[in-house]
Amino acid sequence: MIIPKLALKNILGAGLRTWLNAFVLSLSFVLIIFSQGLLEGMNTQAEEAMIAAEIGGGHYQHAAYDPYDPLSLADAHGALPAPLAVMVSAGKAAPVLVIQGTIYPQGRLIAVQVKGIDPDQTVLNLPTAFLSAAQAGDEIPVLIGERMAALSGLKRGDTVTLQWRDARGTFDARDTVVVQVMKTSVQSIDRGQIWVPLERLREMTGMPGEATFVVLAQGAVRPADSAAGGWRFSGQDDFLADIRAMVESKSVGSSVFYAILLALAMLAIFDTQVLAIFHRRREMGTLMALGFTRGKVIALFTLEGMLNGVLAALVAAVYGIPLLSWVARTGWALPGDTDSYGFAIGERLFPSYSLGLVTGTTLLVLLTTTVVSFLPTRRIARLKPTDALRGRMT
Amino acid sequence: MTETPLIVTKDLTKTYPMGLHTIAALDSVSLSFDKGEFAGLVGPSGSGKTTLLNIIGSLDTPTAGSAVVMGQRIEALTHKEAARLRNRHVGFIFQTFNLLPVYTVYENVEFALLLLGLPPAERRRKVLAALEWVHLADRAKSRPAQLSGGESQRVAIARAIVKEPDIILADEPTANLDAQNSHNILRTMARLNGELGTTFIFATHDFKVMQYLRRTVTLIDGRVDTDQQTDGRPGTSGAGEQP
Ligand SMILES: Nc1ncnc2c1ncn2[C@@H]1O[C@H](COP(=O)(O)OP(=O)(O)O)[C@@H](O)[C@H]1O
Ligand SMILES: [Mg+2]
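Just so you know, the protein sequences line up as chains P and V, in that order.
The opening position of the first sequence corresponds to residue 813 in the numbering used here, with each subsequent residue numbered one higher.
The opening position of the second sequence corresponds to residue 3 in the numbering used here, with each subsequent residue numbered one higher.
A hint or two may mislead.
To be verified - Derived coverage of chain P by chain V (criterion: at least 3 residues anywhere in the stretch with Cβ under 8 Å from a Cβ of chain V; other residues may be distant):
no., stretch
1, 1091–1098
2, 1186–1200
Stated by the list, open to error - Straight-line alpha carbon distances no greater than 27 Å define the calculated DSSO-like cross-link-like pairs of lysine-lysine that follow:
no., chain 1, residue 1, chain 2, residue 2
3, P, K967, V, K143
4, P, K817, V, K37
5, P, K995, P, K967
6, P, K1196, P, K995
7, P, K904, P, K817
8, V, K143, P, K1196
9, V, K12, V, K37
10, V, K12, P, K817
Just so you know, the hints here were simulated from the structure itself, not pulled from any lab data.
Virtual Cβ for every residue (Gly too), placed ideally from N, Cα, C.
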């Protein structure tokens, strides 16, 4: 029991040097937890945003619909299977009809997906209500996202010509008016798309009562597959698989960051240990003269190094907990264009620090500190007491 | 009544490789020391004094020959056994004091007892007694950096005697002290030797120390040159023993 006491006494007795060391180490502690927490928060936020604005409780898709093949849209529409129609009228699902179209803003040509949705739906968190206000007029009201607005140069109130093919394949064109530009973090409901009232789109295309997919409300009970009339169900996990894979690939980058931070911290400890062992040769010789075995001296020095890690964890807790929880509350403003992240994140990120992240990081740092503290002490094992007392290192 | 000697060396030899040659720090040294001696190894620098002291103290091992200390053959001890011998039976005093800087005077002295597993109350009694011996009870809470050289060496003496070892080995204990402090600590050690019967062996080339020795072994080039009884009574020079 005396070795731990001595180790503690030694590192506290070293005063400023110890605290400086602990502070530097605590920085990597806090940075690792912060960056990982940011990533976790980014992930959760992105998933939540996508679920709210796009996925809902999952989609029932027309058998011919292939989300990765726009050409499939020509055939991917049909009347709703009965159980889905029941859910729609109960407000537990929202049908969406999708067709290919072209808009001509200022004489340019842009291919778009035209998505018809019920302006009164409450299944998705989209400002579809804007579509109902102007529904009576002759021009078709359209809702677009910010990215689409930027791409096309369209603003709220602008009129633009939309061309499409109806159910029989005949081209038709009509003027539309942008009733709202919505701000959304979810790119997949924005880029290359325009939203129009569902009934108008059904009229325009001659596809009454039809849809391409039906979005279920979150938590709504799915009908049995046999009753779905050949429509395919894609659950939340199916949608999120893509972005999860993307996050995975982002976290490779962040793991490198993590590893570098950890390596820096370890280097600091290693260095301190090597220096300490070099400077304290005579002290080791004295301990040996007093009857300490080499094993005890090694244990003492290893423990001292390890306690540096513990102390760093404490220091990190002192300023890290208030700092990180403050960031978690107020969020972290992302610099620059958040779209370059490739998935739905807002301009403010709210990091989330899971218990696993914090304890995992702490354990990892403590473990590595111990190993790194131990490595240099192996030199002590080769040290002759007489050389140590002379202040020599062999 | 003939007791077996406390320390016996027989043809003790220690060589160090030196390029293609070897140099002999000790060359066939055969000596014995009895309990209660107040002896010194003297001789010019490089004559092997420290080497001999270190082997007797089991900090070092001989290249050839043997050293038997308290009935244990130094050359045959494992690291652990050697550490145990030092811990129980040998106190060291160094030229450079070698106090541990982060510990107080009290703790430095206590350090020697830590591995002995004594109950705290007994440990405390022994530490205070040792500090009394060297007249430093009032500096118990000081740190080594706050002490003079003489005081530091007295702490080192307290640390060496606190466990009541059989042997105290003092390597040039006065080399960093002025004359008055030198006499001071020598008187302290002579007093300890007289009252507790602790065996002292010095390594020194300081004339002040030699005056106190009752036996003087002169080493030259690692060999015993002379081995004489001396009177151990210094002249009246130097101040009386005071802290
Ligand atoms: N570790 C060592 N390596 C090489 N030579 C050594 C070593 N230790 C002592 N010596 C040599 O052994 C001889 C005796 O040294 P030492 O016992 O320290 O002498 P003293 O204490 O009498 O001055 C010297 O020549 C010294 O250079
Ligand atoms: Mg010497």
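Next on the checklist: Between the alpha carbons of K995/P and K967/P, is the straight-line distance 27 Å or under?
Outcome noted: Distance of about 13 Å is within 27 Å: holds.
Item to check | Verdict on chain V covering the stretch 1186–1200 of chain P, where coverage means 3 or more residues with a C-beta closer than 8 Å | outcome: holds (count 3)
Item to check | Pairwise hint evaluation, K817/P against K12/V, where the allowed Cα distance is 27 Å at most | outcome: Violated, at about 42 Å.
Item to check | Given pair status - K995/P, K1196/P, alpha carbons within 27 Å | outcome: 72 Å, violated
Next on the checklist: Holds or violated: K967/P and K143/V, Cα atoms, limit 27 Å.
Outcome noted: Violated: K967/P and K143/V sit about 80 Å apart, past 27 Å.
Checklist entry - Does K1196/P lie within 27 Å of K143/V when you go C-alpha to C-alpha? => result 32 Å, violated
Next on the checklist: With the threshold set at 27 Å, check whether the alpha-carbon distance from K12/V to K37/V stays at or below it.
Outcome noted: The given pair, whose Cα atoms are some 18 Å apart, holds under the 27 Å limit.
Checklist entry - CA of K904/P to CA of K817/P, is that 27 Å or under? => result 66 Å, violated
Item to check | chain V covers the stretch 1091–1098 of chain P, three or more CB atoms within 8 Å, holds or violated | outcome: Check passed, 4 qualifying residues.
Checklist entry - Holds or violated: K817/P with K37/V, Cα cutoff 27 Å? => result 36 Å, violated
Comparing the model with each earlier hint shows violations of hints 3, 4, 6, 7, 8, 10; every other hint is respected.
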